[in-house]
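Could you put together the complete structure from these sequences and hints?
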Amino acid sequence: MLPILAPLPVLTLLVILQSTIVSSLPLLQGYADIVLLVIVAWALQERVQSAWQWSILGGLIVGFVSAMNIMIPLVSYVSITALALAIRRRIWQIPILAMFVVTLAGTLLSHFLTAFTISISGADLPWLDTLQLITLPSLFLNLLLATPVYAVVRDFANWLHPEEIEL
Amino acid sequence: MNSKSSVPWKNITLSLVAIGLVFLALGGYLTPLSRITLAPLMAAQTWVAGRFQAIQDYLTGPRDVAQLMQENAALEAELAHLRTQIIELQQQMGEYRILSALLDFARAYPEYQYVGASVIGRDPSPFLKYIHINRGSDDGLRRGMPVVTQQGLVGRVSQVTASAALVQLITDPSVTVDVRLEPSRAEAILSGSITADIGLDMILQDVTVEPGDLVLTSGLGGAYPPDILIGQITGVRSRDYDLFQSASLQPVVDFANLEIVLVITNFQPIDTSPLMPMPAVP
Chain A
0 MLPILAPLPV
10 LTLLVILQST
20 IVSSLPLLQG
30 YADIVLLVIV
40 AWALQERVQS
50 AWQWSILGGL
60 IVGFVSAMNI
70 MIPLVSYVSI
80 TALALAIRRR
90 IWQIPILAMF
100 VVTLAGTLLS
110 HFLTAFTISI
120 SGADLPWLDT
130 LQLITLPSLF
140 LNLLLATPVY
150 AVVRDFANWL
160 HPEEIEL
Chain B
0 MNSKSSVPWK
10 NITLSLVAIG
20 LVFLALGGYL
30 TPLSRITLAP
40 LMAAQTWVAG
50 RFQAIQDYLT
60 GPRDVAQLMQ
70 ENAALEAELA
80 HLRTQIIELQ
90 QQMGEYRILS
100 ALLDFARAYP
110 EYQYVGASVI
120 GRDPSPFLKY
130 IHINRGSDDG
140 LRRGMPVVTQ
150 QGLVGRVSQV
160 TASAALVQLI
170 TDPSVTVDVR
180 LEPSRAEAIL
190 SGSITADIGL
200 DMILQDVTVE
210 PGDLVLTSGL
220 GGAYPPDILI
230 GQITGVRSRD
240 YDLFQSASLQ
250 PVVDFANLEI
260 VLVITNFQPI
270 DTSPLMPMPA
280 VP
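Chains as they are written, first to last, in numbering that gives the first Met the number 0: chain A, 0 to 166; chain B, 0 to 281.
To be clear, the hints were calculated from the coordinates, so they are not data collected in a lab. Among the clues, some could well be false.
Here are the simulated distance ranges between beta carbons [said to hold, decoys possible]: (1) G93/B <-> V151/A: 28 to 36 Å; (2) Q91/B <-> S118/A: 44 to 52 Å; (3) S118/A <-> Q112/B: 32 to 40 Å.
No residue lacks a Cβ here, since even glycine has one placed at the ideal position from N, Cα and C.
Dropping the structure here:
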């Protein structure tokens, strides 16, 4: 029962932290995306079966809180989860490497989708400034936080899904 | 007889010696001698006094330490309490200053009705410049209402729930605001950007614009009330082959540290979209 109920409070808390604290600590104009990091780290856990639920729920909550179109976080997080699950099956022996790879790809995908949507809505979007002032600082912060977030999520996953010992 | 007569002489001799010693001492002639004599005595006394003090401390110490620890704990608790009070008072003072400034702003624009709101968050996406405030439709907020601080224009309400609202800042890349420059009274268009810088465009070439000119809302378009301060021009770009001049702007509002804002609740924004010319249908 607990694994089914866990994502809602955890993701809600993460979105609150993202909105209140993380977004107040920018590097240039970019900041970390802890919801993305947790979803990636969760999808990379070996015994976790609920990665899709976490990504969809995370996308919905972020879309509800944010002014951006709800489809952007939803598509971003689901795509990132698909990538994480694909990578987990192939290079699961080095999960922290997979975490870095998916964080890198996920941040770029998420930012590209957001920037593209803003761009087609008519706003002036200088791509070089966007890359230099938002995407690269955000990517740096995400990669910086990838390891601690992975460690915390791994402990949480082990607590939620303890390893079965054969007697 | 001899023994009886010798006693007074002895006494007299001893008295004279004693008086002599007193006079020698008073004259300072015995100081080296007294130093030599007293030095070991003083050393011995110091040693004894030190040992006695150590023993006394050892015997009485534990009771004092326990008492001091209790007093220390009580004082630390009191200190923590007082520090908490200081922090609370400083916060109250900060809020008081902000509210006082907001009140001044409200007095300066008495034609508007205001609802004060605290900023409780920012948009999770770094691409969008929005803030969350803790007032919603239950407090009379509606979409499109202008939001200000004591310094000037902040933005306008974009989305409303029962108890919270999302405010689009004027630094958002999709925002445009009709503005007026002072003292030239020239019209211009303010636009936000992805880098949170705001700039002015569409300033006619024949208008003289200089750094330091004030930028206020013009009221055109009906989205914002007129004459609300936005900022000051910091630089002008004018090229002969351009149709319009453009300028960079220093906003008066510190968008990175917004804490409390005012929502103007009796301003009715005008939706001009039905007046826009539609593309002709072939």
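For each hint, the structure was consulted:
Checking the proposed 28 to 36 Å range against G93/B and V151/A shows it holds: the Cβ atoms sit about 34 Å from each other. Our hint of 44 to 52 Å for Q91/B and S118/A holds, since their Cβ atoms are close to 45 Å apart. With their beta carbons about 38 Å apart, S118/A and Q112/B fall inside the hinted range of 32 to 40 Å.
When the structure is compared with the earlier hints, no violation turns up for any of them.
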